[in-house]
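Taken in order, these protein sequences are the chains called A and B. Using the numbering used here, read the first sequence as starting at 117 and increasing by one per residue. Using the numbering used here, read the second sequence as starting at 245 and increasing by one per residue.
Just so you know, these hints were derived from the structure itself, not from any lab. Any given hint could be a false lead.
Derived lysine to aspartate or glutamate pairs resembling EDC-like cross-links, with alpha carbons at most 20 angstroms apart [unchecked claim]:
(1) B:Lys420 <-> A:Asp460
(2) B:Lys289 <-> B:Glu409
(3) B:Lys440 <-> A:Asp203
Computed Cβ-Cβ distance ranges for the label pairs, DEER-style [unchecked claim]:
(4) B:Leu488 <-> A:Val194: 24 to 32 angstroms
(5) A:Leu600 <-> B:Lys438: 34 to 42 angstroms
(6) B:Glu461 <-> A:Val194: 16 to 24 angstroms
(7) B:Phe448 <-> A:Val194: 15 to 23 angstroms
(8) A:Asn536 <-> B:Glu352: 40 to 48 angstroms
(9) A:Gly539 <-> B:Asn484: 54 to 62 angstroms
(10) A:Leu492 <-> B:Glu461: 27 to 35 angstroms
(11) A:Lys428 <-> B:Lys420: 38 to 46 angstroms
(12) A:Gly448 <-> B:Glu461: 55 to 63 angstroms
Everything numeric in this text was worked out from a predicted model, so none of it was measured. Here a beta-carbon is modelled for each residue, glycine too, at the ideal position from N, C-alpha and C.
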Amino acid sequence: MNIPTARMEGKEKTNFEKWLSYLGVPIAAIVFALLFTMRTPTELTLQGKSAIAVFLAVFVLWVSQAVPTFVSSLIAIVLLTLTSAWDEKSVLGVFGYDVIWLMISAFIITSGMTKTGLANRVALWLVSTFGKTARLALISLIIVNFVIAFIVPSTTARAALMLPIALLVAQAYGAQPGKSNFGKLIMIQELQVNNISTSAILTATAPQIMAVGLIKDLTGYNVSWSEWFIASLPVALCTMIISYLVGLMIFEPEVSVPVMEDRGNDGIGKLKEQLRKMGPMTKEEKKALFIFCLTVFLWATDKWHVQMFGFKISLVMVAIISATLFYLPFIGLISWKDTKIPWDLMIFSAGAYAVGMALDKSGAAAWALKAVFGSLDLGKIGFFPLYMIVIFIAIFSHLVFTSKTVRTAILIPAVIGIANAAGINPIALALPASFTIADSITLPPHCKPNLIFYSTGYFNVLDQFFYGMIVLIGKWLLLGIASLTWFKIIGIC
Amino acid sequence: MFKKIKVILLMAIFILSVALTSVLYAAQNPDFKSYKEVFLPINEKDAKLTITAEEVPDAAGYVYLFSTIKEAKLEEVQAEENVLVNNTPEKKKIGSVDCLAFKVLDKERPVKLKATFLVPDFYSIKNDAAEKSTGPGGTYRVSYSFTCPVASGIETYSLKILLPENYEILTVAAPKSYELGVEGKNRYMLVNMKGKEGKKGLGFAKSVEVDFVIKKENVTKNILIWIASLGIATTFLVFNRKQLAK
Numbered sequence: 117m118n119i120p121t122a123r124m125e126g127k128e129k130t131n132f133e134k135w136l137s138y139l140g141v142p143i144a145a146i147v148f149a150l151l152f153t154m155r156t157p158t159e160l161t162l163q164g165k166s167a168i169a170v171f172l173a174v175f176v177l178w179v180s181q182a183v184p185t186f187v188s189s190l191i192a193i194v195l196l197t198l199t200s201a202w203d204e205k206s207v208l209g210v211f212g213y214d215v216i217w218l219m220i221s222a223f224i225i226t227s228g229m230t231k232t233g234l235a236n237r238v239a240l241w242l243v244s245t246f247g248k249t250a251r252l253a254l255i256s257l258i259i260v261n262f263v264i265a266f267i268v269p270s271t272t273a274r275a276a277l278m279l280p281i282a283l284l285v286a287q288a289y290g291a292q293p294g295k296s297n298f299g300k301l302i303m304i305q306e307l308q309v310n311n312i313s314t315s316a317i318l319t320a321t322a323p324q325i326m327a328v329g330l331i332k333d334l335t336g337y338n339v340s341w342s343e344w345f346i347a348s349l350p351v352a353l354c355t356m357i358i359s360y361l362v363g364l365m366i367f368e369p370e371v372s373v374p375v376m377e378d379r380g381n382d383g384i385g386k387l388k389e390q391l392r393k394m395g396p397m398t399k400e401e402k403k404a405l406f407i408f409c410l411t412v413f414l415w416a417t418d419k420w421h422v423q424m425f426g427f428k429i430s431l432v433m434v435a436i437i438s439a440t441l442f443y444l445p446f447i448g449l450i451s452w453k454d455t456k457i458p459w460d461l462m463i464f465s466a467g468a469y470a471v472g473m474a475l476d477k478s479g480a481a482a483w484a485l486k487a488v489f490g491s492l493d494l495g496k497i498g499f500f501p502l503y504m505i506v507i508f509i510a511i512f513s514h515l516v517f518t519s520k521t522v523r524t525a526i527l528i529p530a531v532i533g534i535a536n537a538a539g540i541n542p543i544a545l546a547l548p549a550s551f552t553i554a555d556s557i558t559l560p561p562h563c564k565p566n567l568i569f570y571s572t573g574y575f576n577v578l579d580q581f582f583y584g585m586i587v588l589i590g591k592w593l594l595l596g597i598a599s600l601t602w603f604k605i606i607g608i609c
Numbered sequence: 245m246f247k248k249i250k251v252i253l254l255m256a257i258f259i260l261s262v263a264l265t266s267v268l269y270a271a272q273n274p275d276f277k278s279y280k281e282v283f284l285p286i287n288e289k290d291a292k293l294t295i296t297a298e299e300v301p302d303a304a305g306y307v308y309l310f311s312t313i314k315e316a317k318l319e320e321v322q323a324e325e326n327v328l329v330n331n332t333p334e335k336k337k338i339g340s341v342d343c344l345a346f347k348v349l350d351k352e353r354p355v356k357l358k359a360t361f362l363v364p365d366f367y368s369i370k371n372d373a374a375e376k377s378t379g380p381g382g383t384y385r386v387s388y389s390f391t392c393p394v395a396s397g398i399e400t401y402s403l404k405i406l407l408p409e410n411y412e413i414l415t416v417a418a419p420k421s422y423e424l425g426v427e428g429k430n431r432y433m434l435v436n437m438k439g440k441e442g443k444k445g446l447g448f449a450k451s452v453e454v455d456f457v458i459k460k461e462n463v464t465k466n467i468l469i470w471i472a473s474l475g476i477a478t479t480f481l482v483f484n485r486k487q488l489a490k
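Generate coordinates for the entire structure from the input sequences, incorporating the hints supplied.
This is the structure we're talking about:
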């Protein structure tokens, strides 16, 4: 099996997509001119206005696919610098960010696992055991992703771990990047489940811990790990079910069984036979397995690194160590020629991330959130409408923030302020709002797992955006229902 | 035994001397209720700085304003709720900070002191892109720093910098927390350090650093951007029609 790195080329466009693609550049140009030349809002800097103009123009290019995504990122890099939305040094520096290194390392690890045949063995075992049908394969990947959230406390590390498995399962079903609905489903569901499962576990991402800290500081109420888990788990589980069902409706898989099965009467039997033919694990496979296990071990034990080694190894450094091991003489298993890194998507990631960072750094994201909260007279409406408005803003505020930390720092105090002004229990608003911190599933640059799965080339920005928005609307409604039922039972609302 | 008594005595002397120094220092220094600084542009280069300070005179009957900008020239000074002995200040120091000291008639009464200074070239420090880097031209850097030199701190400190007409803030390097707004035709940045729950807004030796870049609004550039954008849009609409037919 080879790592699929082909982009969306060769895919037959629908009429709607043709029109989008045709109008993409003109709309982007006009959106940019309109926003960049308008009078700067009084509470925003020129840098902030420029960042918004570049973001929205590039957003049009991403969604319309009028130009290849890496070209839109190059345009973004140029525009950010020329409009002073972010300084040149910082924009170009994004290519050195940990997210880019993590993606490069993840692809090296995947290349190593593929070359040695370990990935093939794992994929054959996974598909012949759990993935007898496309739907079962999707469900098993969702479950694996959710379960490892308890072991590996980082969304990015989990994404890097799941990447080779997801790629190989997609291949087992003959999914072609950019063409296969099944491929789209696997990759988008992986990033969605990665983020949604995070919301169930307080310690699965640092901004959630920060939100609890802010709630404690501003209200005096201490939310425990179990309180968070009990309150959030049903919503997270239901959202994952929604994600699965909505995905099947939007991108109906074109395959129902692994590709080998189509070629014969007893496909699963043939897969098992192929697995048997592989024989016992080779020395190379054992080495690759050791490196992979070492990576998982280091990611899972990051809290105890100092006690174990006397120093802490960051998430990205663990990935780089693993990637290095794959190349080292005697230990190493691959050469540079065996490495398949989608550089066009690395460029896309760097540009897209730079746009998001510019929104954060220029204060534009914070301004937008404050402007939305400030424009609504939320004190005069009843609890439920207020709750629904606040949760809606909380969920979709991720559209303008790249950093979950910055979003948390602005969102939670603002929500507590609104609750106090309206004379309602701040926990009833702030805790459910905290459950939305990890909901960054609509655009690639919104969080690192999105970029990692986007880099497979299986889906485009429009696919992710459309699917993500529907799932998030579902989560919003679920949180609404929870406020009338589950949250009342456990005493939050 | 003797050794223990010696240690206790030494400790007592140390504690007493520290306490006494603080008391003496507090008596020698004025007590600031509020300190407000407003920079108002006179033209595109120079500013008028208005300082309004509410303070209780020190033991010698002096009230103070801090000379944060060397080039600033005092133009006018007024006092409310007390009378100044002389409108010409004496140059003094609080810690290492240069001050303008004004003697008041009644050293027991608080004073609301209002002074205006001319600050030349406040808005005219060029900040164009460095060589071999990309960045806009026609930008100016505005920076200002205020450090509280009084031991008792300042209850409320505020700094407002109004920009010349048609100028706007491009980027802000400092502070982290600020407000932006508009007053008449001038945009401004406001930094407000209000004390709460017995805590001073600006404590002893704490600083407020302001550092931002401003740029004049440019209508010509906006027209050029519209021409370029419409040109790109039209070109793509005309020459990309084949794409629809495919």
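Evaluated hints:
no.: 1; hint: B:Lys420 <-> A:Asp460; in the structure: 36 angstroms, violated
no.: 2; hint: B:Lys289 <-> B:Glu409; in the structure: 11 angstroms, holds
no.: 3; hint: B:Lys440 <-> A:Asp203; in the structure: 37 angstroms, violated
no.: 4; hint: B:Leu488 <-> A:Val194: 24 to 32 angstroms; in the structure: 28 angstroms, holds
no.: 5; hint: A:Leu600 <-> B:Lys438: 34 to 42 angstroms; in the structure: 40 angstroms, holds
no.: 6; hint: B:Glu461 <-> A:Val194: 16 to 24 angstroms; in the structure: 23 angstroms, holds
no.: 7; hint: B:Phe448 <-> A:Val194: 15 to 23 angstroms; in the structure: 48 angstroms, violated
no.: 8; hint: A:Asn536 <-> B:Glu352: 40 to 48 angstroms; in the structure: 42 angstroms, holds
no.: 9; hint: A:Gly539 <-> B:Asn484: 54 to 62 angstroms; in the structure: 57 angstroms, holds
no.: 10; hint: A:Leu492 <-> B:Glu461: 27 to 35 angstroms; in the structure: 30 angstroms, holds
no.: 11; hint: A:Lys428 <-> B:Lys420: 38 to 46 angstroms; in the structure: 27 angstroms, violated
no.: 12; hint: A:Gly448 <-> B:Glu461: 55 to 63 angstroms; in the structure: 59 angstroms, holds
Checked against the numbered hints above, the structure violates hints 1, 3, 7 and 11; every other hint is satisfied.
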